[in-house]
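Chains as they are written, first to last, in our numbering: chain A, 1 to 220; chain B, 1 to 250.
In short, the hints are calculated from the structure, not lab data.
Note that the coordinates shown come from a computational prediction; the quantities given were computed from them, not determined experimentally.
Misleading hints may appear alongside valid ones.
What the hints assert, rightly or not - Only some residues are given here: those of chain B computed to face chain A with a beta carbon under 7 Å:
no.: 1; residue: 79
no.: 2; residue: 122
no.: 3; residue: 215
no.: 4; residue: 217
Just so it is clear, CB atoms sit at the ideal spot from N, CA and C, and this is done for glycine as well.
As a plain string of letters, each chain reads:
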Amino acid sequence: MSDFDFNIIIESIPFLLEGMGLTLLLTFFAIVGGLALGVVLALCRLSPYGWLSFAAATYVNFFRSMPLILIIFWFYFLVPFILGRPVGGFYSVLIAFVMFEAAYYCEIMRAGIQSVRTGQVYAGQALGLTYKQNMQFVVLPQAFRAMMPILLTQAIILFQDTSLVYVVGLRDFLVAADIVANRDNRLMEMYLTVALVYFVLCLMGQLCINKLQKKYPSGR
Amino acid sequence: MDYNWDWSVLFCTVEDAAIGCAQPFFYWILSGFGWTIAVAAAAWVIAFSLGSLIGIFRTLDNPILNGIGTGYVTIFRNVPLLVQMFLWFFVFPELLPEEAGTWVKRGLPIPEFWTAVLCLGTYTASRVGEQVRAGIQSITQGQRYAAMAMGLRPAQVYRYVLLPVSYRIIIPPMTSEFLGIFKNSSLALTIGVLELTAQTRQIEEYTFQGFEAFTAATLLYILVTAIVMAIMRVVEGRVAIPGMISLGAK
Numbered sequence: 001m002s003d004f005d006f007n008i009i010i011e012s013i014p015f016l017l018e019g020m021g022l023t024l025l026l027t028f029f030a031i032v033g034g035l036a037l038g039v040v041l042a043l044c045r046l047s048p049y050g051w052l053s054f055a056a057a058t059y060v061n062f063f064r065s066m067p068l069i070l071i072i073f074w075f076y077f078l079v080p081f082i083l084g085r086p087v088g089g090f091y092s093v094l095i096a097f098v099m100f101e102a103a104y105y106c107e108i109m110r111a112g113i114q115s116v117r118t119g120q121v122y123a124g125q126a127l128g129l130t131y132k133q134n135m136q137f138v139v140l141p142q143a144f145r146a147m148m149p150i151l152l153t154q155a156i157i158l159f160q161d162t163s164l165v166y167v168v169g170l171r172d173f174l175v176a177a178d179i180v181a182n183r184d185n186r187l188m189e190m191y192l193t194v195a196l197v198y199f200v201l202c203l204m205g206q207l208c209i210n211k212l213q214k215k216y217p218s219g220r
Numbered sequence: 001m002d003y004n005w006d007w008s009v010l011f012c013t014v015e016d017a018a019i020g021c022a023q024p025f026f027y028w029i030l031s032g033f034g035w036t037i038a039v040a041a042a043a044w045v046i047a048f049s050l051g052s053l054i055g056i057f058r059t060l061d062n063p064i065l066n067g068i069g070t071g072y073v074t075i076f077r078n079v080p081l082l083v084q085m086f087l088w089f090f091v092f093p094e095l096l097p098e099e100a101g102t103w104v105k106r107g108l109p110i111p112e113f114w115t116a117v118l119c120l121g122t123y124t125a126s127r128v129g130e131q132v133r134a135g136i137q138s139i140t141q142g143q144r145y146a147a148m149a150m151g152l153r154p155a156q157v158y159r160y161v162l163l164p165v166s167y168r169i170i171i172p173p174m175t176s177e178f179l180g181i182f183k184n185s186s187l188a189l190t191i192g193v194l195e196l197t198a199q200t201r202q203i204e205e206y207t208f209q210g211f212e213a214f215t216a217a218t219l220l221y222i223l224v225t226a227i228v229m230a231i232m233r234v235v236e237g238r239v240a241i242p243g244m245i246s247l248g249a250k
């Protein structure tokens, strides 16, 4: 412990920040894409058409029973293959994350929508609201409040999960630190720094969510 | 989309040049599957016992034990699992006293395996702890008071009243946690454990027939998930407490 070298950390900050940039970019686009696909899946899952709901359920169960690393491998090789040309690791991995996260977001949104009591739906119908109005003004606002904290927590988990791009060598925060660590043989300094940065960021995110939850209770 | 599917890759059992394979890839997948199960099962022992302890700590009035539980969960849930894996493998032996560190690095048989087990176990313990806490807190306070009124000591209150009930309530989320450990065991490949996902990656490198190997691994993961879910559904039905709704699987 005595020869802990802080200089190496300070010197490599610009390099690490570049890596963090990729981590945040990947997290952001995976959240946006995952939410978009997740909404579609959730609506399919709750649709009255049996085959549609079955297809969505199969999708969700399929992606939830596979390890994320295996999914990353699949798409890392599959995407360039389907498109017939190299697209770069970032896009392949991004697609993998979007497909994977959508399965989890779908389940969260489904639970949120189902948590709205049926009495509310009936009340909306009794007031003469159409299906769309009922969804827009009665069900979704309440569902949204119920699922917001879980969606945000899932975003933090996703932020942590993006470190798995390590397996295909995309230069994210962890890989950037890893490169410095192996180049200068400073494993302890770099890995501890990475852990601390992730810890602080995730903890701050979690505290914000808790605060938000207190400010806007789901009212149930 | 002109991929030459060659399923014979998966069935290579001997050095059989006639069907174009040089390695017994079938056994690679089999052995990888074995390691996946071994890592997951061993890590679950740690996760379950340590997690239960952490969960109980978090329901106690004692501020020190409660603080330990909360601190543990906060630390282990806010650092990515992969980073934890590297910390255990590369940094942890350096922090130990000289002799112990050398033993971990040199003396310990299959260090990658035990590191992966320790890492997955301690990480999942933080998640199991949250489930156990939720289970205990979902029991009405009246049960605790009733047990105390009967003269049970605090340890007995947990042993005979709170834990037997809460473990039965939290079967669905605990099943998810077990499946989580099973899937997360694939992270062990980053420190050199040749489990299922690592083996498929290796087959890809040897043969360039990666999709066959990925398909085989995918089917194995889905199969185990389906079997575990089916078994736990039966177990859940058997031990369900009449009149009590279990916590929904999440």
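Here is how each hint holds up against the structure:
1. 79: holds (5 Å)
2. 122: Status violated, d = 14 Å.
3. 215: violated (9 Å)
4. 217: holds (6 Å)
Of the numbered hints stated above, those contradicted by the structure are hints 2 and 3, listed in ascending order.
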